[in-house]
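The sequence shown lines up with residues 16 to 414 when you count with the numbering used here.
One should not assume that every hint holds.
[What the hints assert, rightly or not] In silico DSS-like links for lysine-lysine, alpha-carbon gap of 27 Å or less: (1) 130 / 38; (2) 70 / 86; (3) 133 / 34; (4) 162 / 34; (5) 86 / 130; (6) 137 / 34; (7) 133 / 70; (8) 133 / 38.
[Stated by the list, open to error] Just the calculated beta-carbon pair ranges, DEER-fashion: (9) 33 / 104: 26 to 36 Å; (10) 66 / 298: 15 to 25 Å; (11) 141 / 303: 21 to 31 Å; (12) 66 / 120: 21 to 31 Å; (13) 66 / 102: 23 to 33 Å; (14) 374 / 141: 40 to 50 Å.
Source of the hints: derived by calculation from the structure; they are not laboratory data.
Quick reminder that beta carbons are idealized off the backbone N, C-alpha and C, glycines included.
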Amino acid sequence: MWRLGVLFLGLAHAWQPLKVDIKSLQGAAPSTAHAVTAALRDSGLVAVDLGASFKNIRRRALRASATCIEKTSSAGATLEDGTVRRSLAAATETGFELDSRTCGALIDVSDDFTKNVKEVVKAMAAHLGALPEVQAAAPLLQTHEGKTYDTVEDIVEHGAHLEHFHAYRREGATTDAKTIDVHADQGLFIAFTPPLTQGDEDLPAATFSVELRDGTVAPVALESPYYASSVFVMLGDGVHQYLGGASGLRSAPHSVEMVDGLDRSWYGVMVLPPLDAVSPLHGAMTFGEVRDATRDGDEAAAGVGCARNLAARELAENQCEEDALFCWFRCMDLTNHFAETVSQEICEAQGMRLECTDIFRQTSDGFQHGDYYPQCTAYTHEATEFPSIAPADEEVCDD
Numbered sequence: 016m017w018r019l020g021v022l023f024l025g026l027a028h029a030w031q032p033l034k035v036d037i038k039s040l041q042g043a044a045p046s047t048a049h050a051v052t053a054a055l056r057d058s059g060l061v062a063v064d065l066g067a068s069f070k071n072i073r074r075r076a077l078r079a080s081a082t083c084i085e086k087t088s089s090a091g092a093t094l095e096d097g098t099v100r101r102s103l104a105a106a107t108e109t110g111f112e113l114d115s116r117t118c119g120a121l122i123d124v125s126d127d128f129t130k131n132v133k134e135v136v137k138a139m140a141a142h143l144g145a146l147p148e149v150q151a152a153a154p155l156l157q158t159h160e161g162k163t164y165d166t167v168e169d170i171v172e173h174g175a176h177l178e179h180f181h182a183y184r185r186e187g188a189t190t191d192a193k194t195i196d197v198h199a200d201q202g203l204f205i206a207f208t209p210p211l212t213q214g215d216e217d218l219p220a221a222t223f224s225v226e227l228r229d230g231t232v233a234p235v236a237l238e239s240p241y242y243a244s245s246v247f248v249m250l251g252d253g254v255h256q257y258l259g260g261a262s263g264l265r266s267a268p269h270s271v272e273m274v275d276g277l278d279r280s281w282y283g284v285m286v287l288p289p290l291d292a293v294s295p296l297h298g299a300m301t302f303g304e305v306r307d308a309t310r311d312g313d314e315a316a317a318g319v320g321c322a323r324n325l326a327a328r329e330l331a332e333n334q335c336e337e338d339a340l341f342c343w344f345r346c347m348d349l350t351n352h353f354a355e356t357v358s359q360e361i362c363e364a365q366g367m368r369l370e371c372t373d374i375f376r377q378t379s380d381g382f383q384h385g386d387y388y389p390q391c392t393a394y395t396h397e398a399t400e401f402p403s404i405a406p407a408d409e410e411v412c413d414d
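Generate the whole structure from the sequences, applying the supplied hints.
Here you go:
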């Protein structure tokens, strides 16, 4: 029980993100807009309060989701520390496909619940879109056919929205690893509710921590009564990819560590870019093509978001932990193009240096897009454009 006592003490002293009222955010009051922008630049995380009625709606939805997951053959995954996570998932096109015989209570509350969350998503899109630096970066995305997504509202309206109800339980840690290690989410942002501990709703079932701009890792009081009627908005790696680097917005590296023997319910909706838009990080590939390649196991394509345990950092800083290197606009784990572990010691033993490099081992200062990874190299010059390849001479080459 000592660990639960530590959690209660930690909750009382946890970091509290900025909370604003939904109507103030929608009304774009100057003081509210300034405070929200400052918070998104500092931590990448804010809470939007929807009023007392949402507290009951949220609790009903999370209780019902746990029952629904328990009674269905919902997909399950065992996480790094042995936690089992089972989920209900929905995409923009389909919504949740629920059986009224097992998920009737969730069906009854889901419309009111998701309507409130969508209200927050829409308000945050309008806030981000009103930033002068973001407006100056238009068009933010475009398709091969020349269609443009000029505003954040365009991206949110036409992008994919992935919704999840998750149920977490850990009987006993199998390693010293966190349940979910430090990472930044893919997409533009994620809107999520405070989690709920089934059976004891005032007891936190996990520690959620966020890395602040100054490098401080702070536990967040998600379960505090102060946020009971709120929806959190946390920025993802998309703010660096297509909202203009001058905005100063930062994705929020975060982690989760479960407590043994408790059941944690959670809901979130991740806002992804339109699938037909060209990804700024993947040459001519669209976000849809990147998604498909990632599903097929193409690790090179998985750089859109939190794959390869990448903790996205603010673009203007390059302070990384000892087991990471600033490369490709972020702190990357020390794994090279060939999925081999590298380090300063390994490189020095080979008479080389640990650098951010392209596939030819030419060095980068980390502020370049492309296929860059930590690598041992002896090159001293910076990366150049890839050489073009002349077309085949059909009179010389045959099939």
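Given the hinted pair residue 137 and residue 34, is their Cα-Cα distance within 27 Å?
17 Å, holds
Take the C-alpha atoms of residue 133 and residue 38, compute the straight-line distance between them, and say whether it is at most 27 Å.
14 Å, holds
Using the beta carbons of residue 66 and residue 102, state whether their distance is inside 23 to 33 Å or not.
28 Å, holds
Satisfaction of hint between residue 34 and residue 133, Cα-Cα up to 27 Å:
Measuring from Cα to Cα gives roughly 17 Å; hence the hint holds.
Residue 141 and residue 303, beta-carbon distance inside 21 to 31 Å?
With a Cβ separation near 26 Å, residue 141 and residue 303 satisfy 21 to 31 Å, so the hint holds.
Hint check: residue 86 vs residue 130, CA-CA at most 27 Å. Holds or violated?
Distance of about 25 Å is within 27 Å: holds.
Next pair to validate is residue 130 with residue 38; report whether the Cα-Cα distance is within 27 Å.
15 Å, holds
Holds or violated: residue 162 with residue 34, Cα cutoff 27 Å?
36 Å, violated
Okay, residue 33 versus residue 104 on CB: inside 26 to 36 Å?
Given range 26 to 36 Å: holds, Cβ gap about 30 Å.
Return holds or violated for the Cβ distance of residue 66 and residue 120 against the range 21 to 31 Å.
Holds - the Cβ-Cβ distance for residue 66 and residue 120, about 22 Å, lies within 21 to 31 Å.
Would you mind confirming whether the straight-line C-alpha gap from residue 133 to residue 70 stays at or under 27 Å?
16 Å, holds
Please check whether residue 374 and residue 141 have a Cβ separation lying inside 40 to 50 Å.
Holds - the Cβ-Cβ distance for residue 374 and residue 141, about 41 Å, lies within 40 to 50 Å.
Of the numbered hints stated above, those contradicted by the structure are hints 4 and 10, listed in ascending order.
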